[in-house]
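In order, the protein sequences belong to chains A and B.
Numbers given in my numbering equal positions in the first sequence, counted from 1, plus 12.
Numbers given in my numbering equal positions in the second sequence, counted from 1, plus 11.
Just so you know, the hints here were simulated from the structure itself, not pulled from any lab data.
Among these hints, one or two may not hold up.
What the hints assert, rightly or not - If you only want the chain A side, here are some residues facing chain B, beta carbon under 7 Å, derived:
no., residue
1, VAL69
2, GLY112
3, LEU142
4, LEU145
We put the beta carbon where it would ideally sit given N, CA and C, even for glycine.
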Amino acid sequence: MTAFWMLAPLMVLAALGLIFLRNAVHAALCLAVVMISLAVLYAAQDAPFLFAVQIIVYTGAIMMLFLFVLMLVGVDVSDQVRETIAGQKLIATILGLGFGIVAVLAIGQTVAAATVGLDGANENGNPYGLAKLLFGKYVLAFEFTSALLITAAVGAMVLAHKERLRAPVTQAELAAQRMRDYAESGRHPGNAPTPGVFARHNAVDTPALLPDGTPLEESISQSIVARGQLREGYDDDIDELREQLEGSEDEAGEEK
Amino acid sequence: MTEYLTLSLILFTIGAVGVLVRRNAIVVFMCIELMLNATNLAFVSFSRQHGNLDGQVAAFFVMVVAAAEVVVGLAIIVSIYRTRRSASVDDASLLKS
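The shape of chain B in the complex, shown without the other chains (with noise of 0.2 Å):
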């Protein structure tokens, strides 16, 4: 149970650096996406202690946002990349100043 634990924190922590680190939109996403399937993890172990499949189903529905936000976000960044002909975080700032 802890070990679970413990290696969904060190996965979330990592996606958490990669987002605040990295520059390519789609990987800022990818690193987005570690995180949410670390929060699974811990969903699935919790689940298992306490014997219910609640958290079982609360990790269902964290796969299915998931799954809509990768959807709109990417066309958010193929969209930009249109317009900008750049998929770098730091180049959107059109409404900076």
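Excised from the complex, chain A in its bound form (with noise of 0.2 Å):
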């Protein structure tokens, strides 16, 4: 029960950082920390097999799909805080401790049997068990996994499967509708300005200013913005300045 004792507060907390945290990479390692806890909790309960399957397709596989996606995706702000449904969290907050209370209540109440223990099951080891009723009692629902899986496989790459609808724009092309563009709308046709040049800060999540000290917008790159990373409170330290200069350049005019 040690092993126990020492990691159950660890996956409370875990999984509390799954609801809590609004990084959704943090969250992925909270979930890891769940996930090889919980492998530990197998070896403890006489199940070898199952402890190396949890870390293997588990933290392994599962994880790093998760991840893959995430880096896909990118992280983005889109957890906003804004309710769809009135009141939706507080709701479900309310429900889930209630079935939580309810569940445990109920779980303390039975009376549990004297645990059998698996040396019996498992003396020719573990994985000889679970294979002879893999293979035995549980063969039909074991030919199923294999068409699920294949179905699965079929299905992720069906649906992730791009199909192109055009030719790809090439480098020709995309240097025409930039001149385009400036014909037409007068967009510059260079590079966008770099960010954190002639600004305060010398950072890439501080817009550039232009020459009459209005900050550029369009200098800060665009995952910054997506990220909700960009240097907040810009326009004051702008401000800012801009008093001082006035107010010394009113001084300069007062001496004279």
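Two independent chains are provided; combine them into the complex using the hints.
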């Protein structure tokens, strides 16, 4: 039970992180903590085969898949605070707490028979016992999982495959498009200005300043804006600086 | 035995609340995985309680189904993201009206 009492609070904390952490990557790391701890609990409960499978399949394959998709989709701020259904979070929390309390009370009131233990079932080794069940009693279910896995693989390929609808745009066409944009709407054909240059903070999360002191939003990388990492309060900085400059000009004028 | 079941229930409840509360489709998926893992813990505990391996076989099948489900689900999320540029479950509401 030592492993259980060491890991259980950690697992509950990590699971709570899945609800409360805004960043999806942090949530994924919390889930990995829960899964590895579960693997240890399986090992503690005489299930060495499931211990290995849990580590290989869950933390190895599934978590990797999650992180890959996070990488593809990008870490954006899609977890907005606005609720589509009013009071949904509150209702969900109350319902969840109610369910948890009722279920834990129900478990507490049941009278469990003495634990038999798996020493008898595992006498030839745990994988041997599992294989005997899988290829004996549950062989039909096992056959069906092969159909399921093939369907899933084909489904994923069909869903993730992107049919190219038009020919890829070449560099020459892109250049021609830029010049056309410039002729029609006056959009600058050259590189976008770099952020942070001629700004008060020399960093990529700060927009560059135009000669008249107004910030140029286009100089910030789109991904920084999407992640919500744009430095806030630079307007105040600029106003403060402008006041100082105007103040010093006034003083200079008065002295004359 | 009871401790393991209680932990399993707590994890399941946290996963269920997460599915209802979170808006990011990928995090919702992770919460579903948490619920599946919690049931697996209960299966393994019952297996030891009853002294036979059927519970462990059930947990094994749950893992297989979870793997298939994650593959298809994440492919759907990626294809939705491609067309709508968003991974929020609130934005995928085309069928609503």
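Now for the hints, and whether the structure bears them out:
no. : hint   : result
1   : VAL69  : holds (5 Å)
2   : GLY112 : holds (4 Å)
3   : LEU142 : holds (6 Å)
4   : LEU145 : holds (5 Å)
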